[in-house]
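Colleague: So the chains spell out like this:
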Amino acid sequence: MRKFSGFALAREAMRGHKGWGRQWASPEPRSDYDVIIIGAGGHGLATAYYLAKEHGVTNVAVLEKGWLGGGNTGRNTTIIRSNYLYDESAGLYDHAVKLWENLSQDINYNVMYSPRGVMMLAHNVHDVQVFKRHIHANRLNGVDNEWLTPEEAKEYCPPLNISQTARYPVMGAALQRRGGTARHDAVAWGYARAASDRGVHVIQNCEVTGVRRGADGAVTGVETSRGFIGAKKVGVVAAGNTSVIMEMAGVRMPLESFPLQALVSEPVKPCFPCVVMSNTVHAYISQSDKGELVIGAGTDQYTSYSQTGGLHIIQHTLDAICEMFPVFTRMRMLRSWGGIVDVTPDRSPIISRTPVPGLFVNCGWGTGGFKATPGSGHVFAHTIAQNAPHAINAGYTMERFTTGRLIDEAAAAAVAH
Amino acid sequence: MLLIRCPYCEEERPELEFRHAGEAHIARPENIADISDEEFAQYFFYRDNPKGMAFERWRHMHGCGRFFNAVRHTVTDKFVMTYKAGEPKPVLEEPQEGQSAP
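Protein chains in written order, with numbering that gives the first Met the number 0: chain A, 0 to 416; chain B, 0 to 101.
The set of hints was computed from the structure by calculation and includes no laboratory data. Backbone N, C-alpha and C define an ideal beta-carbon position, used for all residues, glycine too. Fair warning: there could be bad hints in the mix.
As the list claims (entries may be wrong) - For the chain B half of the interface with chain A, some residues (derived, Cβ under 7 Å), not all of them:
{"hint": "1", "residue": "M0"}
{"hint": "2", "residue": "D33"}
{"hint": "3", "residue": "D36"}
{"hint": "4", "residue": "T73"}
Claimed, not checked - Heads up, simulated DSSO-like pairs for lysine-lysine below, C-alpha to C-alpha not over 27 Å straight-line:
{"hint": "5", "chain 1": "B", "residue 1": "K50", "chain 2": "B", "residue 2": "K77"}
{"hint": "6", "chain 1": "A", "residue 1": "K153", "chain 2": "A", "residue 2": "K2"}
{"hint": "7", "chain 1": "A", "residue 1": "K97", "chain 2": "A", "residue 2": "K52"}
{"hint": "8", "chain 1": "A", "residue 1": "K17", "chain 2": "A", "residue 2": "K2"}
{"hint": "9", "chain 1": "A", "residue 1": "K64", "chain 2": "B", "residue 2": "K88"}
{"hint": "10", "chain 1": "B", "residue 1": "K83", "chain 2": "A", "residue 2": "K64"}
Claimed, not checked - Calculated from the model, a selection of chain A residues having no Cβ within reach of chain B, i.e. all distances over 10 Å:
{"hint": "11", "residue": "W23"}
{"hint": "12", "residue": "E87"}
{"hint": "13", "residue": "P114"}
{"hint": "14", "residue": "N160"}
{"hint": "15", "residue": "D196"}
{"hint": "16", "residue": "G213"}
{"hint": "17", "residue": "R251"}
{"hint": "18", "residue": "E255"}
{"hint": "19", "residue": "G309"}
{"hint": "20", "residue": "D341"}
{"hint": "21", "residue": "R352"}
{"hint": "22", "residue": "Q385"}
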């Protein structure tokens, strides 16, 4: 792998940028691997990278039915934050934020992590109480989060409408300054490049069609559109398709898959300095470095694998955006899309061993998995390599739905879903 | 937006009038106090989440207010049929060879 640096940039500028080459290899699959990761999204690629880097497991393949980062990794609104309520959540998501802070240097790829601040608006007394509870809980866990008055919120985000005559006036906001955004495609590409450099095989256009198990029940490999590939361990990181893959191994999951939509506007000059989220009116918005407003909507109400959703969901979100930011009422929207998110009953992920020996699963990230990408891959790699969870994901088992030890962020999330 | 036929009102109405209510034909165990934690978890938390034909409950919230069941393909989102609550789970014909699924 050619290292990216200021010197390399200058050298390539002299040579007409003809020497960059391919950033990751596209090898033919081997007949067997130590570990197969199903799904080359951010979480899967990060898992492979940390397996190689932290645990020395380099005989790894990441299988992807489509193209790299073509699922939810390339379809989300790129928000990063860690101001969750419960201790387990604060541990996991703040672990990710700490990795985000140095990720570009770590993988030598600019993921454009931008801690521009995530501001969550309170529109009623209940919101105010809940957010203040979050702020106190976060501070006890060492996670930054602070309360802003409406005037302070407006100062932090000038386009915000804090008129008290609004349908849902802003009564204050919770601000996590370390929160922000990153470039989603760069996260997938950067991890693929760094993993490939350490010997990991990233194999695209290779759909898993079955999971093969031996006489003792343990996994022995996967059937794919490119033939059988053997593996000692298999990690499923397939987001919305997790239930489908796990069923191939005979494991039923506590998951439901829903469409989640997002949209972008035409690009405009920089006008929006941070990320703003609103639970009550249900919208979240930021501006990409390209200039597009990136807007997230809620999930559709029905389960689906269609990667599309109803237009009324988007309209509802844009109603809220126009109410909060009247300056955008004449913006034109450029495109919208849907991703399929896998939702657990308690809205917290599952990063866990499974009843099948050698089979591991990292799923259930629901509507907010992007922010956790580095932390998720890091602890999942540990879980696979050591055959035991990292301290940070010890509570994120499948068994919690049997024991009742839920990590119930359902009511604590930033947006209703 | 989906167009959904309410089997009670006997007409197709827009999705906004309805509320999706999860997987259908999940019967609450009658001996709920006796079953194991694993059995309770399967009943309460675990779901089929099929990619393909799904049996699901809907409620005509802003209409007759009643629950009913539907069969819908979760890749195309097309409804195959809706039927009243309490009616048996319909047996679906497997698509024939060379014939695409709806």
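Colleague: For each hint, tell me whether it holds in the structure or not.
Modeller: These are the hints, each one checked on the structure:
1. M0: OK, holds: M0(B) within 7 Å of chain A, min 4 Å.
2. D33: At about 16 Å, which exceeds the 7 Å cut-off, the nearest Cβ of chain A leaves the hint on D33(B) violated.
3. D36: holds, 5 Å
4. T73: holds, 5 Å
5. K50(B) - K77(B): holds, 13 Å
6. K153(A) - K2(A): Given that 27 Å is the threshold and the Cα spacing comes to 42 Å, the pair is violated.
7. K97(A) - K52(A): Holds, at roughly 17 Å.
8. K17(A) - K2(A): holds, 15 Å
9. K64(A) - K88(B): violated, 33 Å
10. K83(B) - K64(A): violated, 39 Å
11. W23: holds, 29 Å
12. E87: Answer for E87(A): holds, closest chain B Cβ roughly 18 Å.
13. P114: holds, 36 Å
14. N160: holds, 27 Å
15. D196: holds, 35 Å
16. G213: Its Cβ never comes within 10 Å of chain B, the nearest being 24 Å, so this holds.
17. R251: Violated: least Cβ distance 5 Å, not greater than 10 Å.
18. E255: violated, 5 Å
19. G309: violated, 4 Å
20. D341: violated, 8 Å
21. R352: holds, 16 Å
22. Q385: holds, 26 Å
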